[in-house]
Amino acid sequence: MEIHKIPALRSPIMVIAFSGWNDAAEAATGAVSHLLGIWSEIADVDNPKATDLIPELIADVDSEDYYDFQVNRPMIEIDGSHVRSLIWPGTQVFGLSTPQFANDFVIVRGVEPSMKWRTFTHQLLDLADDLEVSTIITLGSMLADAPHSRPITVTGSGAHPDIAKRLGIEVSRYEGPTGILGVIQDACLRRGIDAISLWAAVPHYASSSPSPKATLALINALEDFLEIEFPLGELNDHAQEWEKEVDELTQEDSEIGDYVKALEESKDSAAFSDVSGDEIARELEKFLRRQEGS
23 MEIHKIPALR SPIMVIAFSG WNDAAEAATG AVSHLLGIWS EIADVDNPKA TDLIPELIAD
83 VDSEDYYDFQ VNRPMIEIDG SHVRSLIWPG TQVFGLSTPQ FANDFVIVRG VEPSMKWRTF
143 THQLLDLADD LEVSTIITLG SMLADAPHSR PITVTGSGAH PDIAKRLGIE VSRYEGPTGI
203 LGVIQDACLR RGIDAISLWA AVPHYASSSP SPKATLALIN ALEDFLEIEF PLGELNDHAQ
263 EWEKEVDELT QEDSEIGDYV KALEESKDSA AFSDVSGDEI ARELEKFLRR QEGS
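Residue numbers (our numbering): 23 to 316.
Possibly wrong hints are sitting among the right ones.
[To be verified] Computed beta-carbon distance windows for the label pairs:
#1 Asp275 <-> Ser41: 48 to 56 Å
#2 Arg195 <-> Pro232: 37 to 45 Å
#3 Asp280 <-> Pro173: 20 to 28 Å
#4 Asp280 <-> Val205: 50 to 58 Å
#5 Ala124 <-> Asp275: 43 to 51 Å
#6 Glu249 <-> Met137: 23 to 31 Å
#7 Pro173 <-> Val205: 27 to 35 Å
#8 Glu99 <-> Glu24: 33 to 41 Å
#9 Glu197 <-> Ser41: 22 to 30 Å
#10 Lys187 <-> Leu165: 28 to 36 Å
#11 Arg195 <-> Leu165: 13 to 21 Å
[Stated by the list, open to error] With a cut-off of at most 27 Å between alpha-carbon atoms, the simulated DSS-like pairs for lysine-lysine come out as follows:
#12 Lys27 <-> Lys138
#13 Lys283 <-> Lys266
#14 Lys266 <-> Lys289
Everything labelled a hint here was simulated from the structure, so no lab data went into it. Computed from a predicted structure; not experimentally measured. Cβ atoms here follow ideal geometry from the backbone N, Cα and C, with glycine treated the same way.
Whenever a hint applies, use it, and build me the whole structure from the sequences.
Below, the structure is given as structure tokens:
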């Protein structure tokens, strides 16, 4: 890992997402990309103080040690001057100063490594220790039998019952194959670092392109857990456009349309039977707060 600088951050929270197995419809990497990009959008000449919010590159992970380039191939890009450049798969760590919140952030965005996961995780958490990270939040997205026309479900969980109880989330009961996020969660538990995981359920029939609605759901879940509000920019609009496009897809294919109707009925029935008055009130408060923020 090449360290570029160690910025002064206030009790930073590390947010992590990797493309690949953990990133259906690019929802998780879309969420961290939004967090990295939105501050640059608001840092214009009319708001000079916002330039302090632009993320700073802290470190790069050497791709040669962790990636199989036949699995994750380097990409060639051509700029406006027709100059070609080679972009290697890898992982980058950014520092994000957010004085309007109680905590700053460390954002980790990369491609899921192909090998040496334990060494990779050890280096990443060593850096987290150096930066005095207080909490680690991993973001993921998975394919699910879920209707695109309903709110995207995000499940939050902790790797240990004690952590889950203290942070007010569910304990993970998942058993089966895992990705790099599961390895990071386990390593956090062994180091005594508070860590949670947020997973969005992406409709499997609409996963071939990026899903801004699932990305928005992860951002909203992050806001709810941290009790803060991130700038959303045009993310709401993009989510609505995506939903309309999938609506058109279901209208063109009667078989898919019938399947979606069945999913909607199942989802609505389960939601109605499980919901309580307190939950309705909490959801209404969240909705009104986001409407005020936008």
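Okay, the hints, checked on the actual structure:
Between Asp275 and Ser41 the beta carbon distance is about 28 Å. The supplied range of 48 to 56 Å is therefore violated. Distance hint check: the CB atoms of Arg195 and Pro232 are about 29 Å apart, inconsistent with the given range 37 to 45 Å. At about 22 Å, the beta-carbon gap between Asp280 and Pro173 stays in the expected band of 20 to 28 Å. For the pair Asp280 and Val205, the supplied restraint of 50 to 58 Å is violated, since their beta-carbon distance comes to about 40 Å.
For the pair Ala124 and Asp275, the supplied restraint of 43 to 51 Å holds, since their beta-carbon distance comes to about 48 Å. Between Glu249 and Met137 the Cβ separation comes to about 38 Å, which falls outside the hinted range of 23 to 31 Å. For Pro173 and Val205, the hinted distance range of 27 to 35 Å is satisfied, since their beta carbons lie about 30 Å from each other. Take Glu99 and Glu24: their Cβ atoms lie about 21 Å apart, and the range 33 to 41 Å is violated.
For the pair Glu197 and Ser41, the supplied restraint of 22 to 30 Å holds, since their beta-carbon distance comes to about 24 Å. For Lys187 and Leu165, the hinted distance range of 28 to 36 Å is satisfied, since their beta carbons lie about 30 Å from each other. Range check, Arg195 to Leu165: about 19 Å between beta-carbon atoms, so the 13 to 21 Å window is met. This hinted pair checks out: Lys27 and Lys138 have alpha carbons roughly 25 Å apart, not beyond 27 Å.
Proposed proximity of Lys283 and Lys266 is supported: the alpha carbons are some 15 Å apart, at most 27 Å. Simply put, Lys266 and Lys289 have alpha-carbon atoms about 19 Å apart, close enough for the 27 Å limit, and the pair holds.
Violated hints, in rising order: 1, 2, 4, 6, 8; the structure is consistent with all others.
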